[in-house]
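Generate the whole structure from the sequences, applying the supplied hints.
What follows is the residue order along each chain.
Protein chains: 2
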Amino acid sequence: MQMKMSKILSPFKIIVFSYIAAMLVFSVLLFLPMSSQDGVSVSYSEALFTSVSAVSVTGLSVVNVSETYSSIGIFFLAMAIQLGGIGVMTLGTFVWMVLGKKIPLSQRMLIMVDQNQISFAGLVKLMRGILFVALGIELIGAFILGTYYLNYFDSTLEAFYQGAFGALSAFTNAGFDVTGESLIPFVDDYFVQLVNILLIFAGAIGFPVLMELKEYFSSKNSNFRFSLFTKITTSTYFIVFFIGMIGLWLIERTEFYDGMTWHQQLFFSMFNSATARSGGLATMDVSNLTLASLLLISGLMIIGASPSSVGGGIRTTTLAVMFLTIRSFAQGRSDVKVFGREIHQEDRQKAFIVLSVFVVGLFASIILISAFESSSEVALMAIIFEASSAFGTCGLSMGITPDLTLPSQLTLMLLMLIGRVGLVAFLFSIRANEKKTHFKYPTERIIIG
Amino acid sequence: MQMKMSKILSPFKIIVFSYIAAMLVFSVLLFLPMSSQDGVSVSYSEALFTSVSAVSVTGLSVVNVSETYSSIGIFFLAMAIQLGGIGVMTLGTFVWMVLGKKIPLSQRMLIMVDQNQISFAGLVKLMRGILFVALGIELIGAFILGTYYLNYFDSTLEAFYQGAFGALSAFTNAGFDVTGESLIPFVDDYFVQLVNILLIFAGAIGFPVLMELKEYFSSKNSNFRFSLFTKITTSTYFIVFFIGMIGLWLIERTEFYDGMTWHQQLFFSMFNSATARSGGLATMDVSNLTLASLLLISGLMIIGASPSSVGGGIRTTTLAVMFLTIRSFAQGRSDVKVFGREIHQEDRQKAFIVLSVFVVGLFASIILISAFESSSEVALMAIIFEASSAFGTCGLSMGITPDLTLPSQLTLMLLMLIGRVGLVAFLFSIRANEKKTHFKYPTERIIIG
Ligand SMILES: [K+]
Ligand SMILES: [K+]
Numbered sequence: 073m074q075m076k077m078s079k080i081l082s083p084f085k086i087i088v089f090s091y092i093a094a095m096l097v098f099s100v101l102l103f104l105p106m107s108s109q110d111g112v113s114v115s116y117s118e119a120l121f122t123s124v125s126a127v128s129v130t131g132l133s134v135v136n137v138s139e140t141y142s143s144i145g146i147f148f149l150a151m152a153i154q155l156g157g158i159g160v161m162t163l164g165t166f167v168w169m170v171l172g173k174k175i176p177l178s179q180r181m182l183i184m185v186d187q188n189q190i191s192f193a194g195l196v197k198l199m200r201g202i203l204f205v206a207l208g209i210e211l212i213g214a215f216i217l218g219t220y221y222l223n224y225f226d227s228t229l230e231a232f233y234q235g236a237f238g239a240l241s242a243f244t245n246a247g248f249d250v251t252g253e254s255l256i257p258f259v260d261d262y263f264v265q266l267v268n269i270l271l272i273f274a275g276a277i278g279f280p281v282l283m284e285l286k287e288y289f290s291s292k293n294s295n296f297r298f299s300l301f302t303k304i305t306t307s308t309y310f311i312v313f314f315i316g317m318i319g320l321w322l323i324e325r326t327e328f329y330d331g332m333t334w335h336q337q338l339f340f341s342m343f344n345s346a347t348a349r350s351g352g353l354a355t356m357d358v359s360n361l362t363l364a365s366l367l368l369i370s371g372l373m374i375i376g377a378s379p380s381s382v383g384g385g386i387r388t389t390t391l392a393v394m395f396l397t398i399r400s401f402a403q404g405r406s407d408v409k410v411f412g413r414e415i416h417q418e419d420r421q422k423a424f425i426v427l428s429v430f431v432v433g434l435f436a437s438i439i440l441i442s443a444f445e446s447s448s449e450v451a452l453m454a455i456i457f458e459a460s461s462a463f464g465t466c467g468l469s470m471g472i473t474p475d476l477t478l479p480s481q482l483t484l485m486l487l488m489l490i491g492r493v494g495l496v497a498f499l500f501s502i503r504a505n506e507k508k509t510h511f512k513y514p515t516e517r518i519i520i521g
Numbered sequence: 073m074q075m076k077m078s079k080i081l082s083p084f085k086i087i088v089f090s091y092i093a094a095m096l097v098f099s100v101l102l103f104l105p106m107s108s109q110d111g112v113s114v115s116y117s118e119a120l121f122t123s124v125s126a127v128s129v130t131g132l133s134v135v136n137v138s139e140t141y142s143s144i145g146i147f148f149l150a151m152a153i154q155l156g157g158i159g160v161m162t163l164g165t166f167v168w169m170v171l172g173k174k175i176p177l178s179q180r181m182l183i184m185v186d187q188n189q190i191s192f193a194g195l196v197k198l199m200r201g202i203l204f205v206a207l208g209i210e211l212i213g214a215f216i217l218g219t220y221y222l223n224y225f226d227s228t229l230e231a232f233y234q235g236a237f238g239a240l241s242a243f244t245n246a247g248f249d250v251t252g253e254s255l256i257p258f259v260d261d262y263f264v265q266l267v268n269i270l271l272i273f274a275g276a277i278g279f280p281v282l283m284e285l286k287e288y289f290s291s292k293n294s295n296f297r298f299s300l301f302t303k304i305t306t307s308t309y310f311i312v313f314f315i316g317m318i319g320l321w322l323i324e325r326t327e328f329y330d331g332m333t334w335h336q337q338l339f340f341s342m343f344n345s346a347t348a349r350s351g352g353l354a355t356m357d358v359s360n361l362t363l364a365s366l367l368l369i370s371g372l373m374i375i376g377a378s379p380s381s382v383g384g385g386i387r388t389t390t391l392a393v394m395f396l397t398i399r400s401f402a403q404g405r406s407d408v409k410v411f412g413r414e415i416h417q418e419d420r421q422k423a424f425i426v427l428s429v430f431v432v433g434l435f436a437s438i439i440l441i442s443a444f445e446s447s448s449e450v451a452l453m454a455i456i457f458e459a460s461s462a463f464g465t466c467g468l469s470m471g472i473t474p475d476l477t478l479p480s481q482l483t484l485m486l487l488m489l490i491g492r493v494g495l496v497a498f499l500f501s502i503r504a505n506e507k508k509t510h511f512k513y514p515t516e517r518i519i520i521g
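Same order as they appear, the protein sequences are chains A and B.
If you're matching positions, the first sequence starts at 73 in the numbering used here and goes up one per residue.
If you're matching positions, the second sequence starts at 73 in the numbering used here and goes up one per residue.
Please keep in mind that the hints were generated in silico from the structure rather than gathered at the bench.
The beta carbon of each residue, even a glycine, is placed where N, CA and C say it ideally should be.
Please note that the accuracy of each hint is not assured.
Claimed, not checked - Per label pair, the in silico range of CB-to-CB distance: (1) A:211 - B:360: 52 to 60 angstroms; (2) A:436 - B:332: 23 to 31 angstroms; (3) A:219 - B:322: 55 to 63 angstroms; (4) B:407 - A:296: 33 to 41 angstroms; (5) B:297 - A:404: 48 to 56 angstroms; (6) A:432 - B:407: 20 to 28 angstroms.
What follows is the structure in structure tokens.
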């Protein structure tokens with residue numbers, strides 16, 4: 073009756089369980105009386121929501137963090153964000169080491185060596201690399217923002233506290249804030265916005281891309297070439313960023329932007345397009361935007377960031393494979409090519425699965441929340457926005473989340489968990505062991521569409 | 073410089089151009105002064121919208137048909153519906169005969185013979201079969217409804233006119249009405265509703281299924297087996313129908329259904345779930361339903377009916393392949409099996425393409441219409457509902473279509489056209505000739521989701 077642990081718990085199951093465990097642990101920590109400010113009482117459901125949102129680096133919140141949590145509470149929150157943000161890659165690597173399983177593809181690509189050549193030492197080096205890059209970027213961001221914030225805050229401590237939390241929140245794309253109103257106080261400070269945009273990019277572009285960039289700049293290897301993954305995800309990430317920026321400007325130039333200077337219009341468009349992809353920080357109350365912009369931002373949140381990054385959504389590569397497949401079909405080809413390489417059939421199937429699960433899951437969640445909120449007349453746009461924000465682990469909000477009923481908040485928590493783990497990993501985690509069947513059914517064609 | 077016609081115009085291009093041509097012709101006919109009632113003037117954009125809606129058998133309308141069009145106008149309208157409804161299969165067959173091209177798969181399956189054995193005589197027989205089945209069902213429906221309507225209408229002529237138009241509208245899933253208020257007058261007449269539901273089913277289940285059923289019942293061939301297509305589309309069609317019915321009942325039982333008898337609740341749930349799949353007839357003003365129900369109905373409209381039927385949407389088979397692919401993945405298999413058969417890789421790719429194009433197209437249309445209507449504060453739910461209705465060629469309406477601006481109405485027209493032609497056929501129509509490349513790029517894996 074005994075089975076090996078590795079048989080029962082696949083690496084993906086362990087990742088999912090680790091996230092759930094971390095969410096539960098931090099919910100208890102944030103529920104402790106010492107975590108909240110004097111005179112403020114936090115309910116367990118509020119602590120759980122905050123913990124799920126932090127570990128999944130989403131940033132949706134049912135409370136105002138700066139008015140609710142004590143220094144200790146905010147320290148726990150920062151820990152939860154840090155763990156969630158850089159957890160996904162290191163955790164996966166750790167699991168591999170413990171179970172001695174075949175290394176998952178994502179990590180094989182990350183270190184760009186053949187799996188047979190991977191040694192324990194190599195993995196430790198990899199984990200050290202991830203931590204080095206992540207903490208390095210966060211420290212640089214904290215130093216720049218902290219120094220600059222000396223202009224804003226009276227005490228050096230407060231300036232660097234704000235700078236450090238801000239850099240952590242931006243790089244991990246967590247989108248939490250301790251200013252009490254996100255980046256709205258910096259609506260006219262383009263330097264702060266640019267630093268935040270760069271930190272959001274760094275977190276959302278994906279660890280493999282960062283590692284390859286490090287390799288590219290540090291090694292003297294003239295044969296170095298960027299992987300197909302890096303090329304696809306980077307180009308898709310920035311193409312969608314520019315489309316979002318231009319789209320927002322086209323929609324709002326005669327509406328919300330009416331009467332603004334060109335640089336105000338530019339920065340609102342640029343910041344919203346960047347933050348929608350998973351950042352979740354805000355320089356304005358997004359509720360002031362028109363319906364078309366809110367839908368566009370929901371679309372950007374749904375697309376999200378790179379796989380193996382701190383961001384969520386269907387991910388850039390899924391979107392790219394969608395469009396490349398359509399293009400191939402329209403060109404009369406059955407294979408899918410880009411950058412002089414062919415996309416593997418299995419990756420195309422994964423993209424189809426991710427898209428299907430995301431569409432069905434998001435649609436079902438929106439219907440559920442509408443049903444749960446039927447008595448309170450919450451606007452459909454707000455429901456779509458919060459659900460997209462949760463599933464895309466973005467964290468932008470039209471402000472309804474604190475007022476939702478508990479079933480709706482639980483739905484959002486589930487979306488954040490699945491959104492953070494990633495749909496492929498989530499499906500892998502509930503997947504049975506691969507079955508090899510020894511016979512094949514005959515293939516029969518059907519009519520599609 | 074001369075090219076063969078068949079090289080320039082693929083069968084799919086011809087189908088698309090035929091639909092566009094028919095829409096333009098009927099727009100002119102419906103614009104003629106003799107087509108409208110005395111004292112009523114129809115603008116060209118209204119005539120075009122009515123024509124596009126009729127030829128695409130959608131049923132969305134910018135005018136009240138019974139108060140606008142003369143007998144001649146309604147005759148043109150019925151012609152447009154009939155042509156659109158049974159056009160898709162016969163037109164495809166005709167194109168094949170003219171061009172002598174390889175018969176498209178859909179028709180090969182329909183007649184269940186190997187393509188090499190198909191003769192001209194066989195094709196004529198096929199077309200006759202389609203017409204026989206379609207007109208036969210319509211005539212039976214017209215007779216039953218007409219006879220029954222003698223209870224409702226004073227003159228025999230009016231009863232059979234209503235019966236004939238009703239049967240045509242229901243079987244072709246056109247959803248137009250000459251009662252002036254759809255089937256709302258029959259809200260308590262379950263016989264009329266049941267006949268309409270059966271006619272909607274017959275049109276939406278797909279011609280291949282009808283032909284196979286005819287074969288099954290008429291032939292004494294004991295070896296007859298239903299095709300995989302028929303099994304998948306029929307089971308999916310009815311599973312979704314029952315889910316829709318139960319879902320509507322669960323949502324509305326304490327809301328709109330509050331205080332109704334069980335049979336009223338049953339028939340509202342049953343009729344709405346049936347009509348949403350492409351019928352477009354209504355026994356109530358759907359605006360009275362709650363947000364969650366309206367979203368659920370939008371989902372049903374998006375799913376739609378069988379391929380090669382009078383219905384639209386992503387089609388049953390696309391949905392089935394989505395779920396079967398997810399199930400296979402979760403079970404650890406790479407092939408997709410159902411009913412003892414394997415789904416062909418190319419059909420899985422088509423399903424992915426249909427889903428991608430539908431999601432992106434619908435989302436973009438909803439954003440566009442929101443932007444076009446930014447000054448008039450149209451509710452998002454109504455925009456989502458009308459766009460889903462147009463793309464799914466369903467025709468249910470929350471009543472905003474007549475009040476939309478022209479750009480929004482043009483967007484809906486485009487959705488109806490593409491929705492009617494079908495996404496695969498539409499993509500085929502803009503597809504370049506198949507290119508055989510003699511070299512293969514190396515395959516490189518990427519990270520998805
Ligand atoms: K976030
Ligand atoms: K219809």
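In this structure, is the beta-carbon distance linking residue 436 of chain A and residue 332 of chain B contained in 23 to 31 angstroms? 26 angstroms, holds
Is 52 to 60 angstroms right for how far apart the beta carbons of residue 211 of chain A and residue 360 of chain B are? The hint (52 to 60 angstroms, Cβ to Cβ) holds, given that residue 211 of chain A and residue 360 of chain B are roughly 59 angstroms apart.
Can you tell me whether the CB distance of residue 219 of chain A to residue 322 of chain B sits inside 55 to 63 angstroms? Taking Cβ atoms as reference, residue 219 of chain A and residue 322 of chain B lie about 57 angstroms apart, which means the hint holds.
If I claimed the Cβ atoms of residue 407 of chain B and residue 296 of chain A lie 33 to 41 angstroms apart, would that claim hold in this structure? Holds, since residue 407 of chain B and residue 296 of chain A (Cβ atoms, about 38 angstroms apart) stay within the stated range.
That 48 to 56 angstroms hint for residue 297 of chain B and residue 404 of chain A (C-beta), does it hold up? For residue 297 of chain B and residue 404 of chain A the Cβ distance comes to about 34 angstroms; the hint is violated.
Taking 20 to 28 angstroms as the hint, is the beta-carbon distance of residue 432 of chain A and residue 407 of chain B inside that range? Between residue 432 of chain A and residue 407 of chain B, where Cβ atoms are some 22 angstroms apart, the hint holds.
Consistency with the previously given hints fails for number 5 only.
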